[in-house]
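J.: Please put together the full structure from these sequences, using the hints given.
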Amino acid sequence: MSLNNIVIVTGASRGIGRQIALYLLSKDVSVVGLALNGDALLALEEEAPKLSDTAKFIPVIGDVTDEAVQQQAVAAAVKTGTLVALVNNAAVVEPYGKVATTDLGGWSKILAINVVAPVGMIQKSLPHLRQTEGRVINLTSIASKVPFLNMSSYGASKAALNHVNELLGLEEPRITAVVIDPGIADTDMLDLVIDGAERSGEEGTAALNHINGNKIGAELPGRVIGNLALYADHSLSGKFVAYGDPELDTYAQ
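In our numbering, the protein residues as written are 65 to 317.
Please note that a few of the clues may not be correct.
[Said to hold, decoys possible] When the alpha-carbon atoms are kept at most 27 Å apart in a straight line, the in silico DSS-like pairs for lysine-lysine are as follows:
#	residue 1	residue 2
1	K114	K91
2	K143	K120
3	K173	K209
4	K162	K91
Keep in mind the hints are simulated off the structure, nothing from the lab.
T.: Below, the structure is given as structure tokens:
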């Protein structure tokens, strides 16, 4: 792995995104981290020298749906080093509700963040990733495959991202695109999911039981996703994988 390789991670300020960034830095890989929380990104920038003598953390503070911010992140990456991967991690889980009642403004917002923004990041990164035969790692959810009550917009947004990833596998032979369900990681987003399930009454009981029985630390999928960003085999391109799948065992080490 070249010393000037760099990975873009969206939503890097907390949760799985932060763990991905920390893992990459510990492997001497520089990171451009994009998020709204400037204080958290600056804290990561200060932490980087403790993890690596050579890797840098470059904060890009802004809204991932803003095309100017997307371009800023890509420009920062190619100015600093060789862009080898994009990790589309930034996402929101709200609004909650059924198809018949969920506010359309909420639908527009979640699709903008969870689908359109990742596509924008992909479009701006692709010219560079084609040159390096790099990787795009998209984070999805089991909700994209299993219909969870009151999570219609979130599940639909992640199903759309799955489809985008599948098409990348067909359209872009020079890159490797993988969409991964990171499992039930103990993050702030999971707290929102739990809150939504609790507000769903009896309808949310099954979801709560599943969450409580399968919760994992965010550093575990962070390691797997970090390794996928660096080493994902091209045979995985276009595929949906999930944390804990046997084919990901080598990426968990």
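J.: Holds or violated: K114 and K91, Cα atoms, limit 27 Å.
T.: holds, 12 Å
J.: Under the criterion that the straight-line Cα-Cα distance not exceed 27 Å, is the pair K143, K120 satisfied?
T.: Holds, at roughly 12 Å.
J.: Would the pair K173 and K209 pass a check requiring their Cα atoms to be no farther apart than 27 Å?
T.: holds, 21 Å
J.: Do the alpha carbons of K162 and K91 lie within 27 Å of each other, as the hint requires?
T.: violated, 43 Å
In summary, the one numbered hint that this structure violates is 4.
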